[in-house]
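Undergrad: Line order of the protein sequences matches chains A and B. All residue numbers for the first sequence refer to this note's numbering, where the first residue is 1 and numbers rise by one. All residue numbers for the second sequence refer to this note's numbering, where the first residue is 1001 and numbers rise by one.
FYI, nobody ran anything at the bench for these hints, they're computed from the structure. Built from N, CA and C at the ideal position, the CB exists for glycine as well. Please note that a few of the clues may not be correct.
Okay, the calculated bits of chain B under chain A, using three or more residues with CB under 8 angstroms as the criterion [unchecked claim]:
(1) 1025 to 1035
(2) 1189 to 1198
(3) 1378 to 1389
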Amino acid sequence: MAESNLVDILAVFPDLEPAADAIEHLRSLGVHDDCMNVISGIPVTEAMLGRPSQWTNVPRIALGGALLGFGAGVFLAFVSPYLYPYPIQVSTQAFIPGAPTVVVLFELTMLGMLLSTFLGVFLDSFFPNYRPMKYVPEVSDGKICILVECSYVEEKKIMDALKKLGAESVKPAEAQHL
Amino acid sequence: MAEHNKHTDHAEAHFREKHLMLDPLPRGQMNEMVMESMHTTSWKFWVVFAGLSVVVAYGLFYSWGVMIAEGLGVAGVNRPSYWGIFLVNTVFWIGISHAGTFISAILRVFKAEFRRPFTRAAELMTTFGLIQAGFSILMHMGRVWLSYWLMPYPNQRMLWPNLHSPLTWDLLAITTYLLSSTMYLFLPLIPDVAMARDRSSGWRKTFYKILALGFRGTEGEWTHLRNAMNIFAFAIIPVMFSVHTIVSWDFAAATRPGWNSTIFGPYFVVGALHSGMGAVVMVLVVVRGTMKNMKYFIRPEHFEAIGRLMLIISMTWAYFFFNDYMVQWYGGDKWTKQLLHFHEAGPMGWMWFVMLIFNVAIPWAVLWNARWRATPWIVFSVGLLINVGMWFERYIIIPVSLSINRMPFTWRLYQPGIEIPLGIGTLAFFILLYMTASKLIPLIPVWEVQEGQMAHELKKFGRETVVTVSELE
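Sequences and hints are given; from them, build the entire structure.
TA: Next up, the structure:
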C-alpha cells in the first residue's frame, strides 16, 4: 500500500558536475542514497558522484566458479583414470602423473573462474531483462541521468530542485520498452 | 608574449590533431559516426563479400565434403610427414588469436591508453582466428564426426581421454581460450550494443535489443561489468600464454630432433604475438581505409604505437629463434645437425631464409623509423610480410622437419593436396566473418574512447605543453 505513494523522477544532466551537485542537494533534501540511481553512458565511479560504494558479487561468484573448475580438474586428473574397468598402467609411467595434472587443473580452474565471472554479471545485473524499464536514450549520448524515488508529496519539491540544479529535463519516470 | 602564445596555441592544435584522446567530440556525434560506419556499405564491399563467399563455399565446405567422402588420402599427409598444412594452419590461427588478448588485456592491465579505439577490432580477431584454428584441427582429424570422442564424458566404451597427452591438453586449453575470449569480447560490447539499440529501428533494433540484454548503464550494471572486465583482463593473460605453450608442447614433448626443446613454449608465444600484431595492424589499415569515419578514430599515432610493439616483438622472436638454434647446433647430435642443415640448404631452404628476412630483417629495417611505422601502407606491408614469414616458420617446424628422420629410407618431401583449398577457405572465412561483424557490431568501443578522452588533457610545465592522463578508476 505504501509503495503506491512512491513515484520515480528522471532528471537528465548534461555533465558530471551538475549531476554530482544535484545528488548532494537531494541528500540535503532528505532523499536517501538508496532512493537514487545514476544512469550513464560511461562507467562513472562512485567517488566522482559522491555516492556510496556499489556492492558486487562478481568476484565471489568468480571464486566459486574457480573452485568448481578446480573440482572438475581433480575429477578428470585423479578420478577418471580409475573409471576404466581395468585401470591402465603403462610401463613405469606414473598412474597419476604430476606435471600433466597441473596443466589439467590450471585450465579447468581458469575455465570455471571465467565462465562464472561472465555468469556473475548476468546474475548480479539481472540480465537478460527485456521488460519495460525506466530509461532515457540520451544516456548513451553522454548525458547523466539521475533516477530518484520519492514519495508523491515530495515530487514537486524534488522536481523543482532538480531543475534549479541544471537538469536539462525532469519528468516522472515511466517504464518503457528499450 | 604574443609570439609565445601563438606558439603554444600551435603546439596545442598539433597535439589535438595527432592524438585521438585530446581531440574529443560530443558523445552523440561519435555514436553517429560509428553507426554510420556500420550502415554505409558500398558496392565494392558486396563484390568482395560475394567473391569470398564463393571461395568459402568451394575452398572450405565443398573441399571438406570431398575429404570426408574420400578420406584423408586426398590430403598430402603421408609417411613421414603425417602432420601437414592443417596443423601449420592450426598453429598459425592460434597465433593470430593472441593479438586480441595481448592488445585488449595486457594493454588494459598496463593502462596503455593508445589501445582504446581498437581493442574490439583485435578481440574480434581472437574469436574468429580461433574458429579457423578449430576448423583446421577438425580437418586434421579426418574422421571429424568422431571428434566428440575427445570430450570427457561417461560412455558405453568406458573410455576416458588420455590426460597424459598434450593433444588432450590442447582441447582443454583451446576450448578455455575460445570461450574466454568470446566472453571477453562480449562484455565490453554490451554498452555499445545498448547505444546501437537506442539508435536503430527494424530488425537491427531487435538484434541489438537482444544483444544488449536490457543494459541501461546503471551504477550497479557498470560496477558488475567493470569488475568482470578486470577479472577477465588479468585471468585471460595466463590462459593466452598457456594455449600457445601447450601447442608448443605438442612438438616439444616428442623426442624428435628439432622439436625436443625446452624453449619452445615462450618461443611459440612470442611467435604468436609476432604474427598476431602483424595481423592487427593489417586489419586496422583496412578498416581505416574502407569504413566511413574511421580516420577520426584510428590515426597514425596508433600505427606508430603498434609498430613499436611489433619491433620489440620481432627482436624478442629473433632472440628466441637464435637461442633455440644455437643450443641445438651446439649439442652436436648427428640427426639434429642434419635437420638444421636440411632447413637451410635442403629443397625448402629458400623458405628458411625468407622466414628470417620477413620476420627479422624487414621489421628491423623499417620499424625503427617513427615516420615509417606511422604510415599505414608501410606498416600494412610489414605486417603482411611478418605473417607470411610466421606461416613459413610453422611450415618449417612441422612438415619440413618431419621430412627427414632417423630412418633415411622413409625420407620424402611433403606435397600438400586438398590442404591448399581448405587453407585458403579458412582464410576467406576469417575475412568474411570479419566483414560481416563490421556491419553488425560497433567496431569502435565508443564508451572506452569517451572515457579515455575524459582522462586526457594538456598541461603546461613551464613553457612546454605536455599530455597528462588522470587515473579515473
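Undergrad: So, for every hint listed, does it hold in this structure?
TA: Structure-based check of all given hints:
1. 1025 to 1035: holds (count 4)
2. 1189 to 1198: holds (count 5)
3. 1378 to 1389: Violated, because only 0 residues of the region 1378 to 1389 of chain B bring their Cβ atoms closer than 8 angstroms to Cβ atoms of chain A.
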